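Peer 1: Sequence:
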Amino acid sequence: MAPGNAYDFEGRVALVTGGAQGIGEATTARLQAGGAKVAVFDLNAAEGSGDLAVAGDVTRSADLDAAVERVVSELGRLDVLVCCAGVSGDSLRTVDVPDEEWNRVLAINASGVFYANRAAIRAMEPNGYGRIVNVASIAGKEGNPMATAYSSSKAAVIAMTKAIGKDVAGSGILVNCIAPAVIHTPMLGDMTQEHVDYMVARIPLGRMGKPEEVASLIAFLASEELSFATGACFDLSGGRAVY
Numbered sequence: 152m153a154p155g156n157a158y159d160f161e162g163r164v165a166l167v168t169g170g171a172q173g174i175g176e177a178t179t180a181r182l183q184a185g186g187a188k189v190a191v192f193d194l195n196a197a198e199g200s201g202d203l204a205v206a207g208d209v210t211r212s213a214d215l216d217a218a219v220e221r222v223v224s225e226l227g228r229l230d231v232l233v234c235c236a237g238v239s240g241d242s243l244r245t246v247d248v249p250d251e252e253w254n255r256v257l258a259i260n261a262s263g264v265f266y267a268n269r270a271a272i273r274a275m276e277p278n279g280y281g282r283i284v285n286v287a288s289i290a291g292k293e294g295n296p297m298a299t300a301y302s303s304s305k306a307a308v309i310a311m312t313k314a315i316g317k318d319v320a321g322s323g324i325l326v327n328c329i330a331p332a333v334i335h336t337p338m339l340g341d342m343t344q345e346h347v348d349y350m351v352a353r354i355p356l357g358r359m360g361k362p363e364e365v366a367s368l369i370a371f372l373a374s375e376e377l378s379f380a381t382g383a384c385f386d387l388s389g390g391r392a393v394y
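Using the numbering used here, the first residue of the sequence shown is number 152, and each one after it goes up by one.
Everything labelled a hint here was simulated from the structure, so no lab data went into it.
Any given hint might turn out to be false.
So the derived label-pair ranges between C-beta atoms look like this [unchecked claim]:
| no. | residue 1 | residue 2 | range |
| --- | --- | --- | --- |
| 1 | R244 | A157 | 18 to 24 Å |
| 2 | G357 | A217 | 40 to 46 Å |
| 3 | A184 | D250 | 40 to 46 Å |
Keep in mind the model is a prediction, meaning the values are calculated, not measured.
Glycine is no exception: its CB is placed at the ideal position from the N, C-alpha and C atoms.
From just these sequences and the hints, can you work out the full model?
Peer 2: If you want it as structure tokens, here you go:
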């Protein structure tokens, strides 16, 4: 899918976590198409196509602090953060979820987003400008069976976005999140077919979303075109969301 409306990112620098594949990869391409310099932070960052590849683990706050420092040092500044890094978690009934799996999913999906937001804000505040987009999920609003850890982690991202958005209101930094329904990405490989079928069956448009479609919304929220929304959650659910 070719990019649609072009947003002007000339002179802007972005950091995309989980930027080596899926939504993150599509977002990196979309921001670059608008003229941004993009740093990709990922466990497999070398596989990304950004202007700067930073290998690291979102569950380690020191990795994200160092990544932001490197972005500012090598690319000059940080204007945009997009948090795409995440895992679906194993498809398990609540009573079968081991402590280790619960902690793993929350560490990546929730703590990782917090660490990235905190590090980015520290770099953005002196410039009086920033756009942060966190990728949550419709599961964070509605909850999916066989996905207690995932649903909980994405609910945390939504609440976190609302809190952080209010926290930095007036600083020039706008913080928003998106809540996609199921998107056709490599992350689906971690789910059972039953789990995937459940999600698709609840989408009125009757299909999965595409990474490029998600990147289109992210590009708007990361751009200067966005000026009067912060702490908000934007749905991209093919009609599934009802609130």
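Peer 1: Just tell me: holds or violated, for the beta carbon distance of G357 and A217 against 40 to 46 Å?
Peer 2: holds, 44 Å
Peer 1: Check the following: the C-beta atoms of A184 and D250 are separated by a distance inside 40 to 46 Å.
Peer 2: For A184 and D250 the Cβ distance comes to about 43 Å; the hint holds.
Peer 1: Holds or violated: 18 to 24 Å for the Cβ distance of R244 and A157?
Peer 2: Since the Cβ atoms of R244 and A157 sit about 46 Å apart, the hinted range of 18 to 24 Å is violated.
When held up to the earlier numbered hints, the structure conflicts with hint 1 and nothing else.
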